[in-house]
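Undergrad: Sequence:
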Amino acid sequence: MTDGHVKKSNDLLQEKLSSHIYSTNQRFSVVDEKVNALDAEVKSLVSSTSRLIESQDRLSETQKECTTALTLLTTETRDVVNLYKTASGAVTAANGIQKVFIWVVKWPLLLAGVVSIVNWVSKNSGIN
Numbered sequence: 014m015t016d017g018h019v020k021k022s023n024d025l026l027q028e029k030l031s032s033h034i035y036s037t038n039q040r041f042s043v044v045d046e047k048v049n050a051l052d053a054e055v056k057s058l059v060s061s062t063s064r065l066i067e068s069q070d071r072l073s074e075t076q077k078e079c080t081t082a083l084t085l086l087t088t089e090t091r092d093v094v095n096l097y098k099t100a101s102g103a104v105t106a107a108n109g110i111q112k113v114f115i116w117v118v119k120w121p122l123l124l125a126g127v128v129s130i131v132n133w134v135s136k137n138s139g140i141n
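The working numbering applies: residue 14 is where the sequence shown begins, and numbers increase by one.
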């Protein structure tokens with residue numbers, strides 16, 4: 014092999030190597046862009062997850078506060094509920110007593126009305 018032939022082979026090899034390096038650099042550039050995009054997406058997901066965890070913590074605290082408030086409300090209104098039940102029972106009993114009173118008063122009044130009509134008819138008809 015001559016020096017010219019070696020130089021030509023060396024130049025050809027260097028050209029192929031340069032082309033291969035350029036192609037590899039382009040592929041690395043594409044991969045680097047994809048990695049950067051994925052990194053940005055991962056950071057976004059981590060941020061979203063952190064906000065979600067914070068929201069869940071706030072929700073849990075609010076739920077505890079509501080449970081405490083409901084327990085307090087139940088305890089404080091127990092007397093009012095019992096008073097309502099007592100009053101409701103008294104009204105039911107009074108309603109029953111009123112029905113009995115109306116029944117007891119109704120029949121003597123009807124009987125007195127019938128007697129009055131019979132007396133009026135007998136006085137005005139001349140039948141003794």
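One should not assume that every hint holds.
Unchecked claim - In silico lysine-lysine, DSS-like type, Cα no more than 30 Å apart, as pairs:
no. : residue 1 : residue 2
1   : K98       : K112
2   : K47       : K29
3   : K56       : K29
If you are wondering where the hints come from, they were derived from the structure by calculation, not from laboratory data.
Keep in mind it's a predicted model, so treat the numbers as computed, not measured.
Undergrad: Output the indices of the hints that this structure fails to meet, ascending.
TA: 3
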